[in-house]
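Please construct the entire structure, taking both the sequences and the accompanying hints into account.
Protein chains in written order, with numbering that gives the first Met the number 0: chain A, 0 to 236; chain B, 0 to 297; chain C, 0 to 276; chain D, 0 to 424.
Some clues are possibly wrong.
Stated by the list, open to error - Examples of chain B residues toward chain D, derived with CB under 8 angstroms:
#1 Ser48
#2 Pro57
#3 Ala58
#4 Gly59
#5 Met223
Source of the hints: derived by calculation from the structure; they are not laboratory data. By construction, the Cβ of each residue, glycine as well, lies at the ideal position given by its N, Cα and C atoms.
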Amino acid sequence: MNIRLPAIIVLIISAVLFALSWNSYGLAVTLGAFFTLGIFSFLYKDNPFYKFCESVFVGVSAGYWFVQLYYQNLLAKLIDTLGTASFGWIWIAYLLAGIFGFMMLMRLAPKIGWISRWPLAVIVGATAGLWFITYLQSNAMRQLENTIMPIQVFTGGVLDWYQTIGNIVVAFGTVTGVVYFFFSKEHKGAFGGAAKIGIWFLMITFGASFGYTVMSRMSLLIGRVDFLFSDWLRLVQ
Amino acid sequence: MAKGTQGGFWQRLMAIDRRVIFLAVGIAVSAPFFLPISPKIHITPEVESLYNALKELPAGSKVLFPFDYDPPSAPELQPMAVAAITYCLENDLKMVIMGLWPQGPQQANLALASVIEGEVGDVITYNGKTFKYGIDWVNLGFQEGREFVIQRMGSSFAAAFPRDYRGTPVDELDLMRGVTNFNNVDFVFSLSSGYPGTIEWVQLAGDRFHARIGAGNTAVQAPMVYPYYRAGQLTGILGGMKGAAEFEVLVGVKGGFGTRAMLSQTFSHAIIIFFIIVGNIAFFVGGRPSRLKGTEEV
Amino acid sequence: MKREIPLIITGVVGIVFIVQFFIPHEPFSSLSDIFSDWFSIIEACAIWLGALNLIKLSLDKLGKPMLLVTSAIVVVALIVGIVGAPDEFLAGRFPLILFAVAFLLMALGQYSRSKMKPDWFFALTTIASFVIMLIAGLAFSGGRTFQEPGTHYDYLYRSVYTPLSSTMFAMLAFFVASASYRAFRARNREAAMLLVAAFFVMAGRVPLAEFLGTLTPDAFSGAWATTGGFLSGAADWVMNFPNAAGQRAIMIGIALGIVSTSLRIILGIERSHIGGE
Amino acid sequence: MPTPTIISARRPTSHPRVFTAVIATLALIVAFGARNVAAQEPAEVTDTTAIVEAALTPPAPPANILADDAPNDAGGAIIVRWDKSPDEGAGLDNVGAYQLLRGRSPNGPFDTVGTMTAGMTEFNDGDVEDGIDYYYVVEVIALPSPDHPNVEPPVSISRPSQPARSSAQWIHMGRLNSLLAVVILASSILYFISKAKGGEKLFIRKIAGLEAVDEAVGRATEMGRKIFFIPGIQDMNNVQTIAGVTILGRVAKMAATYDAKLDVPVPRSLVMVAARETVKQAYLDAGRPDAYDEDMVHYLTDDQFGYAAGVDGMFVRQKPATIFYMGAFFAESLILAETGNSIGAIQIAGTAMPAQLPFFVAACDYTLIGEELFAASAYLSREPKQLGSLKGQDVGKFFILLFAIGGILLATFGVYNISHWFLVR
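Below, the structure is given as structure tokens:
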């Protein structure tokens, strides 16, 4: 009983709050608050209320995507084109796209599920082809192009120490970082030393990444707290 | 027990129920909403550089807005979107809104609604000026296909987006008549929270089709796009809520969410730093917990 | 047949995207446009597949009698939707009929092996919320203008989808805090460097020192302002120089990894995506 | 004979036509001016004459309209450039916008192609047919006058351009450097794959995390506790998952040898199928097919947080001695690694997701960073295709290091800046 009583009190208070907010601010905000608190209740412990909210989330988001993809993609792009374009190569190409799409859905039927490998092959092949080029261009050649530059920077005829030291750090860090990812040579001697410095640079990078991730996650929470205080309870403006 | 009482204290401190930690975070984030302090916001060079790139655009320029995020990332990206839309309306830049995420165009409507006076309709008013849908702004909606949509837009916007978000054929929209591909838009303002997002816009729209790009990102993504900024593939970066707050200050949005939330953000960082320091003191003073024990409370 | 055709498709499509980059002439530019459109449409179907799979798995958890009742209710709801859908057949009735057929086929397929599982209730809520969203979007939100502000679809997006998805992610803030308290240790030199860099970024990217300055007597506020400037400058420096260098090294490594994997996939050396050798 | 005729026919005719165009332009200017003046209330004309004149006089038309085929494309595009109007930023300073018009003959009729803001001097017309001559004129529109909101801003029109026709090119000239890079990389990868297939031993350096695998598996046996293996949350079409499953094979073999209990919860049904095959094979290879149990690999759920919560619960209840994370991870990495750390398990992680690496580095005992994950799977599996491509990638890295170090030195000492060699258009 000791454990149940606080739970019952919390439930009653929430019910009163929801009823009040429905009455004064409308259903939309109340629903929002209900689901927000429902998910947060997991922080105390796993409970049926949370599981209910989670299952609603799964269903609603699947339904959301289903509708979006129908109107924006399958209807606007595939069906409308088939309906309006005159018969020709383009029309046949779109018909094939429709057939491939249908083959994808065949995965639901275990016996002919293997046919879904055909559209999957289009997806995998297209991704491989496009990524082959874009990563080579943007992530290798463009970065190399920008790494190669004079180390010293002059601003108004005077050596700019901040930028110059920065350039040394970037050049040094990029080179030693790439050395760390070299696999066909043992990390020994000068090469091993460079790799060691490379891993330090990677660690600083991960530190920066970590700091920014913390920032991001906290922002998400601030957004929810703002919803509860300003939109729902209207305690702050 | 050989470690003495001090070790015992630290060990006990480490074994604290994690709900206490959750509560501390909750308080740190909530309390600032009730404090009347607004900290000063320092403008970083990458935000300023994006703002300057926008300032170079003359009135009437076309800005493509890929809204590639969903509600969970809205606290970070929505303030950026609001500030960017405000800037466009104030400076008569034409907006072409689209999304590689289905939620994006809807978030764009929400952002637009919070900037203008009245409802989002065919004609909107802001600051006494009126703007017409199809002439001053369009919302092309969402299209599936991730980076392949960008690739397709490189040859034809109308092929990638046959209809806008409300089902109107794109060639019936005046604004889209002069826009065949990336050559006809003056700036791309990518707002993104993951894949597909800014990185794909840089790789395809920027490097392949030579569009000028600026980006607003969630903080998680920001460190990954810095090399693109350094290499000149991006004109600037707004990183997370802090970037949003800086951009709000530059654009002159009054009482924007980014600025309002900065104190909560500050408190939350402080508490995380505090936790890391306490955890590490416990680690070094209290001794490393024996591996074989493996019975700590969760 | 089951292996060769996918391999050929993968190779042809991949090669077209590579060749088109170097040879802008026809037919490569048109082919890459067509394949981009295919990608778009197939991906859409793949996501439909995911949604249908979810329903199929949920039906599996209901048990036979419950499955029958649920199917009956869903079918009635779909009929109401089909009747109430907008006049343009393709913009409402057609997808609803398609889903109704798929649903009945799945229900029939699952019937014989369906067994009541402990979480049947949550499976039921999943199905119910999916169907509600579907009918609201396809039948009662005005067809093609379904996501205009004010439609039922938009209402559910704002009042149900948004809070649920946002809160789900916001929980990570709490887990980050708990992890930083209990797991982030300077257990060796590398981890120590990581934590120091993280400290400068976390402290320098928010006005932490400035805030502390407002709490202390005026005599110290100047010192805090200096600290704020220093922390912020340090964060700028870390982001622009060492971080950019490290990220660049990772990018170059990943780029080469992707190039070689893509090459193996296009040439058919790597086949795990079509079910192995 | 037709070819010279066309060329000769084109050049001379353009001069008289330009002449007519000039006259036509002048006439247009006069006509617009007259129309606008006529539309004015006389009272307004008299107030501030200078402003009215500036508002009613069109800016001078832009000169030097140059139209040419857009280079390196599939055809269908013409680039038009012009000199800005003398009245832009100087003179009357009243340029509002430019409008580009296109026609099939220098005399028109002309259709609007696009509108540009003041300051623009170039337009890419991507809506033309190959092999047809097009003539362009640029119309300059005056700024609307705030004092005369009802007056339509006056315009003036340039002379038409020389004819231009679009065509497609066979080779993109700005991308030859990239083509060379593709050839070098692809051939070295394929060369080393074939070499590895031929039985040649290719060296791979030691990877710290892998040395610890033996110890970690042994520890689980000593403690009589489980080993958990998490192959990421992505499907089999992700390379990282493939690498993870390869590593799983090796771990399973050790587990079979040491007689430790293995548990592999997976988030995708395809991964389950692949992982079961791999584990079964590993137990066979270790000579312990009797110890293999299909339920060692089991499906949980596709949902990201549902999966994380499920695995979390298993960690807490079963208190494994060792946990491996090998594959593609997202936000759930943190939840998993923190729980694993708190129950005192030895944790070895590997992923190429940059945003998740910090959590693994901080919370795990060993972490394979980025490419190390792929190297580890090549190292453990000794598959020729993996070994060979790793070696080929190293060739790429070697060239990158060579050019980076050499290029920086050359540029710093002012010898020559080679960075533009790597610019891909």
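Checked hints:
The closest approach between the C-beta of Ser48 of chain B and any C-beta of chain D is roughly 20 angstroms, which is over the 8 angstroms cut-off, so the hint fails. The closest approach between the C-beta of Pro57 of chain B and any C-beta of chain D is roughly 4 angstroms, which is under the 8 angstroms cut-off, so the hint is satisfied. The beta carbon of Ala58 of chain B comes within 6 angstroms of a beta carbon in chain D, closer than 8 angstroms, and the hint placing it at the interface holds. Because the closest C-beta pair between Gly59 of chain B and chain D is about 4 angstroms apart, less than 8 angstroms, the hint holds.
The criterion of a C-beta within 8 angstroms of any C-beta in chain D is met by Met223 of chain B, whose closest approach is roughly 6 angstroms, and the hint holds.
Going down the numbered hints, you'll see the structure goes against just number 1.
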